[in-house]
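What follows is each chain in one-letter form.
Number of protein chains: 2
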Amino acid sequence: MRVSVFIATSLDGFIARTNGDLDWLPEAPEDHGYDAFMDTVDTVVMGRHTYEKVLTFGAWPFTKPVVVLTSRPMIPPPDGAAVTAMHGTPSEIVAALAATGVQSIYLDGGVTVQRFLAAGLLDRLIVTRIPVLLGSGLPLFGALSTDLRWRHVRTASWPSGLVQSEYVRAEAP
Amino acid sequence: MRVSVFIATSLDGFIARTNGDLDWLPEAPEDHGYDAFMDTVDTVVMGRHTYEKVLTFGAWPFTKPVVVLTSRPMIPPPDGAAVTAMHGTPSEIVAALAATGVQSIYLDGGVTVQRFLAAGLLDRLIVTRIPVLLGSGLPLFGALSTDLRWRHVRTASWPSGLVQSEYVRAEAP
Chain A
1 MRVSVFIATS LDGFIARTNG DLDWLPEAPE DHGYDAFMDT VDTVVMGRHT YEKVLTFGAW
61 PFTKPVVVLT SRPMIPPPDG AAVTAMHGTP SEIVAALAAT GVQSIYLDGG VTVQRFLAAG
121 LLDRLIVTRI PVLLGSGLPL FGALSTDLRW RHVRTASWPS GLVQSEYVRA EAP
Chain P
1 MRVSVFIATS LDGFIARTNG DLDWLPEAPE DHGYDAFMDT VDTVVMGRHT YEKVLTFGAW
61 PFTKPVVVLT SRPMIPPPDG AAVTAMHGTP SEIVAALAAT GVQSIYLDGG VTVQRFLAAG
121 LLDRLIVTRI PVLLGSGLPL FGALSTDLRW RHVRTASWPS GLVQSEYVRA EAP
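Going down the list, the protein sequences come from chains A and P. The first sequence runs 1 to 173 under the working numbering. The second sequence runs 1 to 173 under the working numbering.
It is worth saying that the hints were derived from the structure and are not from the lab. Heads up, the beta-carbon is just placed ideally off N, CA and C, and yes, glycines get one too. It is possible that part of the hints are untrue.
[Claimed, not checked] Listed next, with one range per pair, are the computed distances between beta-carbon atoms: (1) Pro61/P with Gly33/A: 35 to 43 Å; (2) Arg151/P with Asp31/A: 18 to 26 Å; (3) Lys64/A with Ala143/P: 31 to 39 Å; (4) Pro159/A with Thr40/P: 20 to 28 Å; (5) Ala156/P with Ala99/A: 53 to 61 Å; (6) Pro76/A with Arg151/P: 42 to 50 Å; (7) Gly33/A with Asp147/P: 22 to 30 Å; (8) Pro61/A with Thr84/P: 53 to 61 Å; (9) Arg151/P with Trp60/A: 29 to 37 Å.
Sequences and hints are given; from them, build the entire structure.
In structure tokens form, the structure reads like this:
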């Protein structure tokens with residue numbers, strides 16, 4: 001099983017303003033590899049907050065099955081959206097999805113990313129930095145009990161100023 | 001007057017561990033442009049914490065004059081080091097240095113960078129990302145009263161996994 005993150009942050013590491021707003025994201029950025037990335041995953045896994053944010057976008061953006069991590073009743077998905085609810089620890093989630101044949105997960109949402117990182121279960125990290133400092137907001141990264149080292153795979157930049165770096169988890173030295 | 005920052009951070013935006021340790025920095029990284037950057041500045045400006053950290057490095061690393069921002073008595077610099085103490089707001093510091101003919105400042109240290117950013121006085125930001133997540137530490141960036149937008153100038157990466165991006169302050173839209 002491979003667990004990947006594909007996410008945009010401000011230069012100071014926020015994925016949203018404190019109230020969840022994404023107004024600081026470029027409205028129509030160049031293609032920066034999202035579709036190509038999506039082709040590499042089987043299933044999208046996100047927390048409840050991210051799911052509820054996605055619901056506000058209007059059209060449901062995912063063509064892959066989506067798993068929402070929640071232990072509470074979930075707002076029903078729009079017609080035609082393949083959404084299921086799960087709950088458990090990151091390793092339980094990974095094991096349950098692997099048992100259904102899932103081989104590659106796209107993990108979305110700050111809290112969810114932090115939980116999987118803290119559990120040592122994130123394999124690939126693709127971060128796109130937007131050239132703005134917000135000063136406050138919801139952070140991508142959180143506390144860890146140990147350093148996590150990564151291997152840099154590639155970095156690309158676009159005329160809009162977006163800089164995207166891909167990392168894979170480094171094996172223990 | 002141009003005010004620049006040239007600094008390394010972890011992927012989660014820390015410039016040092018909470019206790020100031022820099023043990024997570026690569027020991028002998030490739031040349032990633034530090035000397036070329038230093039050629040573009042007249043004077044180094046840093047906070048007292050950073051100054052006291054630099055004193056622990058052994059050899060004094062700066063050939064340019066250094067200004068330490070402190071309102072308290074300063075540990076005397078090593079022989080041969082050109083170090084003076086100043087205190088005041090960022091705009092007072094900039095004005096005082098400009099009056100002595102300084103045209104380009106290298107600003108160092110997290111608290112100092114945050115103060116100048118909050119005052120809107122940082123012009124150029126060169127950040128080198130080390131491929132490690134620390135989980136906690138001293139952050140490069142802090143709170144702001146407004147978004148600060150930047151123009152991406154260039155990004156480079158090295159075989160060690162360091163990724164360096166240079167930004168200049170974007171004019172108001």
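Tested hints:
1. Pro61/P with Gly33/A: 35 to 43 Å: Taking Cβ atoms as reference, Pro61/P and Gly33/A lie about 39 Å apart, which means the hint holds.
2. Arg151/P with Asp31/A: 18 to 26 Å: holds, 21 Å
3. Lys64/A with Ala143/P: 31 to 39 Å: Given range 31 to 39 Å: holds, Cβ gap about 37 Å.
4. Pro159/A with Thr40/P: 20 to 28 Å: holds, 25 Å
5. Ala156/P with Ala99/A: 53 to 61 Å: With Cβ atoms ~43 Å apart, the hint is violated.
6. Pro76/A with Arg151/P: 42 to 50 Å: Between Pro76/A and Arg151/P, where Cβ atoms are some 44 Å apart, the hint holds.
7. Gly33/A with Asp147/P: 22 to 30 Å: holds, 25 Å
8. Pro61/A with Thr84/P: 53 to 61 Å: holds, 56 Å
9. Arg151/P with Trp60/A: 29 to 37 Å: Given a distance of about 35 Å, which is inside 29 to 37 Å, the answer is holds.
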